[in-house]
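Q: One letter stands for each residue in the lines below.
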Amino acid sequence: MSTSENRQNTRAARNAWLLSTPALVILTLAATGPLMIMFVYSFLTPGKYGNVEWQFSTDAWRGILFTRDIFDNTLKLADAHLTIFWRSVKLSILTTIFTFIVGFPTAWFIAMRPPASRALWLFLITIPFWTNLLIRTFAINQIIRNEGLLNTVLIKAGLIETPINIIYTDTAVFIGMTYVYLPLMVLPLFAAIDRFDLRLLEAGYDLYASRWQVLRRIILPIVRPGIVAGSILVFIPSLGAYVTPRILGGGRQMMIGNFIDLQFGQGRNWPLGASLSVLLLVIVALTLLVYVRVTAPEKTDG
Amino acid sequence: MANKAFSVSRLPGFSTMALLVFAALYLPILMLVLYSFNSGKSVAVWEGFTLDWYARAWANQQVKEVTVRSLVIASCASVVATVAATMAALGTTRRKAFKGQTFIYVMINQPLMVPEIVTAVALLIFFASIKVATGYQGLGYLIAAHSAFCIPFAYLPIRARLEGMDLTLETAAADLYASPWQTFRRVTLPLLAPGMIAGLMLAFVTSLDDVVITVFVKSAGQDTLPTYMLGQIRRQVTSEVNAISTVLLVLTVVLLTAFFFLTRKKD
Numbered sequence: 001m002s003t004s005e006n007r008q009n010t011r012a013a014r015n016a017w018l019l020s021t022p023a024l025v026i027l028t029l030a031a032t033g034p035l036m037i038m039f040v041y042s043f044l045t046p047g048k049y050g051n052v053e054w055q056f057s058t059d060a061w062r063g064i065l066f067t068r069d070i071f072d073n074t075l076k077l078a079d080a081h082l083t084i085f086w087r088s089v090k091l092s093i094l095t096t097i098f099t100f101i102v103g104f105p106t107a108w109f110i111a112m113r114p115p116a117s118r119a120l121w122l123f124l125i126t127i128p129f130w131t132n133l134l135i136r137t138f139a140i141n142q143i144i145r146n147e148g149l150l151n152t153v154l155i156k157a158g159l160i161e162t163p164i165n166i167i168y169t170d171t172a173v174f175i176g177m178t179y180v181y182l183p184l185m186v187l188p189l190f191a192a193i194d195r196f197d198l199r200l201l202e203a204g205y206d207l208y209a210s211r212w213q214v215l216r217r218i219i220l221p222i223v224r225p226g227i228v229a230g231s232i233l234v235f236i237p238s239l240g241a242y243v244t245p246r247i248l249g250g251g252r253q254m255m256i257g258n259f260i261d262l263q264f265g266q267g268r269n270w271p272l273g274a275s276l277s278v279l280l281l282v283i284v285a286l287t288l289l290v291y292v293r294v295t296a297p298e299k300t301d302g
Numbered sequence: 001m002a003n004k005a006f007s008v009s010r011l012p013g014f015s016t017m018a019l020l021v022f023a024a025l026y027l028p029i030l031m032l033v034l035y036s037f038n039s040g041k042s043v044a045v046w047e048g049f050t051l052d053w054y055a056r057a058w059a060n061q062q063v064k065e066v067t068v069r070s071l072v073i074a075s076c077a078s079v080v081a082t083v084a085a086t087m088a089a090l091g092t093t094r095r096k097a098f099k100g101q102t103f104i105y106v107m108i109n110q111p112l113m114v115p116e117i118v119t120a121v122a123l124l125i126f127f128a129s130i131k132v133a134t135g136y137q138g139l140g141y142l143i144a145a146h147s148a149f150c151i152p153f154a155y156l157p158i159r160a161r162l163e164g165m166d167l168t169l170e171t172a173a174a175d176l177y178a179s180p181w182q183t184f185r186r187v188t189l190p191l192l193a194p195g196m197i198a199g200l201m202l203a204f205v206t207s208l209d210d211v212v213i214t215v216f217v218k219s220a221g222q223d224t225l226p227t228y229m230l231g232q233i234r235r236q237v238t239s240e241v242n243a244i245s246t247v248l249l250v251l252t253v254v255l256l257t258a259f260f261f262l263t264r265k266k267d
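Read top to bottom, the protein sequences are chains A and B.
Position 150 of the first sequence, counted from 1, bears residue number 150 in the numbering used here, the numbering being contiguous throughout.
Position 253 of the second sequence, counted from 1, bears residue number 253 in the numbering used here, the numbering being contiguous throughout.
For the record, the hints were derived by calculation from the structure and aren't laboratory data.
Among the clues, some could well be false.
As the list claims (entries may be wrong) - These stretches of chain A come out as covered by chain B in the derived footprint (C-beta under 8 Å, 3 or more residues): (1) 11-19; (2) 83-95; (3) 102-108; (4) 122-135; (5) 159-171; (6) 201-209; (7) 257-264.
As the list claims (entries may be wrong) - In silico contact screen, one side only, chain B against chain A (beta carbon under 8 Å); selected entries: (8) G40; (9) E116; (10) I117; (11) V247; (12) L248.
Just so it is clear, the structure is predicted and the values come from calculations on it, not from any experiment.
Think of the CB as a built atom: it goes at the ideal place given N, C-alpha and C, for glycine as much as any other residue.
Could you put together the complete structure from these sequences and hints?
A: Pasting the structure below:
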């Protein structure tokens, strides 16, 4: 009995692997494998016209934080790099917080609709989610640029005389990222609130809790997995954002993604680009690890 | 329930905020669509209705070229991804835990976790050396890259469908002396079809929308529709882009609506 069962199990496992092979091969060739090669490249020397020379060097890793002075060859802290990292982290955190502040009421609103219209409201969140990110960024660009709708309306209303310059600033990137990543916050929040048992609220109110106490002491703790999931889903793409800062931040307000891009263009420093990419990947991996840690105890409860 | 004065689910200001959020989400998109019909070049001052921008985009040889390229890549990549994802889903779903299961899951979902810019750079590095070694410069690189990141998008709906499927039908087929292949061909596959079509559509849309990976992987003269649009936006030449965006928007809504009907659970 047990040997035949064992044999069946091994055969099932073999079938699972055989059937997964095509997907695994494609992913190894065009996703995971190249990531490993990139790691190797971060320890090489930049070539004169881009690409690399196969000579071991840790310069690319040192280059993340330091630059070599061209005159006396000493290492100095690279202020420009730090500015870019700080901007990326700051804008990503701000985007995550702000999408939560406006996304939570939205998710709550959708979850409390009667079943018939709930699907429609949810669909209204899903459409922007699946609409090309480039198009959505472009749509925001048209609203906030100097000759855009916002400034035109404000000038016509006589509130301002010259356009407010938002485009190509950090504010523009923040507005854009909040706009494009908002559905990523609302959807997991909705999923968490949707499972929420409303009788808990009744119990809370019966025990003379105020609305604020109910929100703080009952709702938020219970939907926490949704909050964590939404925050991760917004924070990670924000940190690696490329299209939005490129369109709304212009050339100067770079984020890490654009800075990496620069190393493969004008910068001609592929190893630095590779080391920056590995660094970004490590930050994302750590964030995901925190996510697993934070949500794991919830699973054993339910 | 009739007591409107106090509803437990109501939180002050939440509905107002939610409606404002919906307005803020849709206003920019609606403006973009509206101004694709504006006869002037402004994106804020209405000067009259025209279909001129659509006509110009339609007549633009370059737009035609990049659209066809986008469609070719999206078709190839979504079909490859769907076939690979279907096989993987059949392999990994509806069985006991086996050795390496987590590894396969992590591999399949990897494109969802790694930032696009990182994958894009890694592919640039890898393909650059292959391009030098083989001399091949064709669309193959883009199709391979798109196939890879489309796999998780195809996998998820197919897996969901498989998990919701009734096992007894397959057992019944086997009881009636159907061979494993016949069971698969006549029972499993037809039941799985809606999930596969949903997966194919998600993969197609994902490929069609991609900007970052395409920018880094493409060789010279291999612009797709999104990378072409990115170039135009940076040059501030935008009325034609409004028209193209509107068309893509309509396409997305149509595909999404179809997707919802396909994956809707029947009660």
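Q: Please flag the earlier hints that this structure goes against, numbers listed from lowest up.
A: Violated hints (numbers, rising): 2, 5, 8, 11; every other hint is consistent with the structure.
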